[in-house]
Amino acid sequence: MVGLSKRKQYTQAFLYLFPAVFLIGLWVIYPVYGSIRMSFFTEWNLFTQEGTGFGLDNYIKVWNDSQFQLALSNTLVYTFWVVPVSIAASLIIAVLLSNKMRGMKVFESIFFLPYITNIIAIGLAFRFIFHSRVGAITGVFNLLGLEPIGWLNDPEWALITLIIFGVWGGLAFKIVIFMAGLQNIDPQYYQAAKIDGAGRMKTFFRISLPLLAPIVAYITVISLIGSIKVYVEIIGIFGGGSSGAGPANSALSIVYYVYQKFYQESLPTIAAAASVMMFGFILIITIVQLWINRRRLTV
Amino acid sequence: MAQPLTFATSKSNKVLRQVAVYLFLSLGALFMIFPFYWMISGSFKTYQEIVTSPIVWIPATISLVNYQEALSVAPFIIYLQNTVIVAVANSILTLLTTILAAFAFSQFTFKGRDTLFALLLATLMIPSELLIITNYSTVVQLGRWNKTLTETFSVIPQVIGIDTYGALIVPFIASIFYIYLLRQFFNQIPRQLYLAAKVDGCSDWKYMWTIMVPNSINALITIGLFNFIASWNAYIWPLLVTNNVEMRVLSIGLRYFTGEAGSEYHLLMAAGTFVVMPLLVLYLFTRRFIIAGVARSGIKG
Chain P
1 MVGLSKRKQY TQAFLYLFPA VFLIGLWVIY PVYGSIRMSF FTEWNLFTQE
51 GTGFGLDNYI KVWNDSQFQL ALSNTLVYTF WVVPVSIAAS LIIAVLLSNK
101 MRGMKVFESI FFLPYITNII AIGLAFRFIF HSRVGAITGV FNLLGLEPIG
151 WLNDPEWALI TLIIFGVWGG LAFKIVIFMA GLQNIDPQYY QAAKIDGAGR
201 MKTFFRISLP LLAPIVAYIT VISLIGSIKV YVEIIGIFGG GSSGAGPANS
251 ALSIVYYVYQ KFYQESLPTI AAAASVMMFG FILIITIVQL WINRRRLTV
Chain F
300 MAQPLTFATS KSNKVLRQVA VYLFLSLGAL FMIFPFYWMI SGSFKTYQEI
350 VTSPIVWIPA TISLVNYQEA LSVAPFIIYL QNTVIVAVAN SILTLLTTIL
400 AAFAFSQFTF KGRDTLFALL LATLMIPSEL LIITNYSTVV QLGRWNKTLT
450 ETFSVIPQVI GIDTYGALIV PFIASIFYIY LLRQFFNQIP RQLYLAAKVD
500 GCSDWKYMWT IMVPNSINAL ITIGLFNFIA SWNAYIWPLL VTNNVEMRVL
550 SIGLRYFTGE AGSEYHLLMA AGTFVVMPLL VLYLFTRRFI IAGVARSGIK
600 G
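Residue numbers (my numbering), protein chains in the order written: chain P, 1 to 299; chain F, 300 to 600.
Check each hint, because a few of them may be wrong.
What the hints assert, rightly or not - Restricting the straight-line Cα-Cα distance to at most 27 angstroms, the calculated cross-link-like pairs of lysine-lysine (DSS-like) are:
no.	chain 1	residue 1	chain 2	residue 2
1	F	K310	P	K105
2	F	K310	P	K202
3	P	K100	P	K202
These are computed hints drawn from the structure, not numbers from a lab.
The task is simple: from the sequences and hints, build the whole structure.
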């Protein structure tokens, strides 16, 4: 290369890369090792960074903990609803927003609002909407003569309320990605469909959807991972602290469990084991996605 | 074929279809925007208007008295100050480390470059929840070393540790995702330009700041904005590393305020609006960059 000795090139690259690589090493790569190591000790000294009682005890304890099982099943139910509902809704909205009609930019800006919004703050608004006595929904129910529902304090409903909040927060990102995907479809496909006399529905299912398949797959993975990590939404809508994750812990999630062990109960090694297990779930999803991608490429 | 007839029905169909589209989107938009309306309108209601039945949909008067009360109960101005300091420092420092690394990855050729880049990219899979546990003890540890140094040499300030700005800022000022994004922009700038500049005796440093950076200004604005938003809305890390009220950021202040204000929704809505409003205003002026940035890069937020 242009007149630089090999050694000088290395020195130069090192200087440019050092800040970022050092920081990522310290705050991202090292803690992967640190947390996995910590998860195998039953006792941990925060100051000496040494542990005692090496083994799988934490994993066995977490796996058999009824609270963790509750967290796992809640997280799965939450994911089971939020992922498909938000993907279907955002795809429909994205298709409609892609119409060349007046005012679509305004709608797009409104649909995007949750993306920039502080979840703790807007969670308060949801609390006020779903409040069983003074909430807006209760107001509508009263007008219609319906029995009010304990959205926030009935254990049967708390998870449903969280799911509604999760869908609300998850639409913005997906709509924008789907719109970008729809824009990238070559208009020639649509012209060809029009010449063949295909209707709108047929065009959508036969052309748009198949061509969007990679984007649907990408969004599904991102939103699966996001849903598995649901946490701030729970704090936002049920408040944190002593009140717990909703009535009778009915909205307890995996990440909530991790932070409860770490922050409230000061059991860092249990928290580490639970977070390593969550990392395992995410890794499996990622590997399955890569495997499907590869198969699609080779077939 | 009955051409005119088809034409007529298709025209009225088109109008009908447009009405249906607007109707559906309006319903969706109502669902999205109602929480904001309920929060902002709630911030103007009196306590009476909150608890009365039937429900008050529109407050009778618009007054800032709830804001005054909320701000007098908790030091939200200090929270705001901390949030702005952290978010601005975060964005500027991230841009610096990102520009340097993206430049090296796109312009320099050295052995192991692609391996290093791939290794760093692989870290994107790691959930932050796994990292936070160790990072917390790293901050505690660094804080102790820093304290020893400060006690020995009084000129050295306490920059990291629990209840420092350093702890709120430093763990988030390098991101492989942003490096990846910017590298793509840098790669689009023709290589010949770099070689020509070299021949003219332009240093890498100068080339980076005078050619690469100005040509990637859109990408840099997007990265800065995303960092700012993420920092503004961060919750769990600032909760862990701040105990002192004076060091709290808005999210954390709001959470403690929620515990104290209980069900005084007129105050909670005022405090919530206070936290959300600055970003709403920022969004109003920069939504072009933000939406385009998400569309191009798939940043989950």
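Report the numbers of all earlier hints that the structure fails to satisfy, in ascending order.
none
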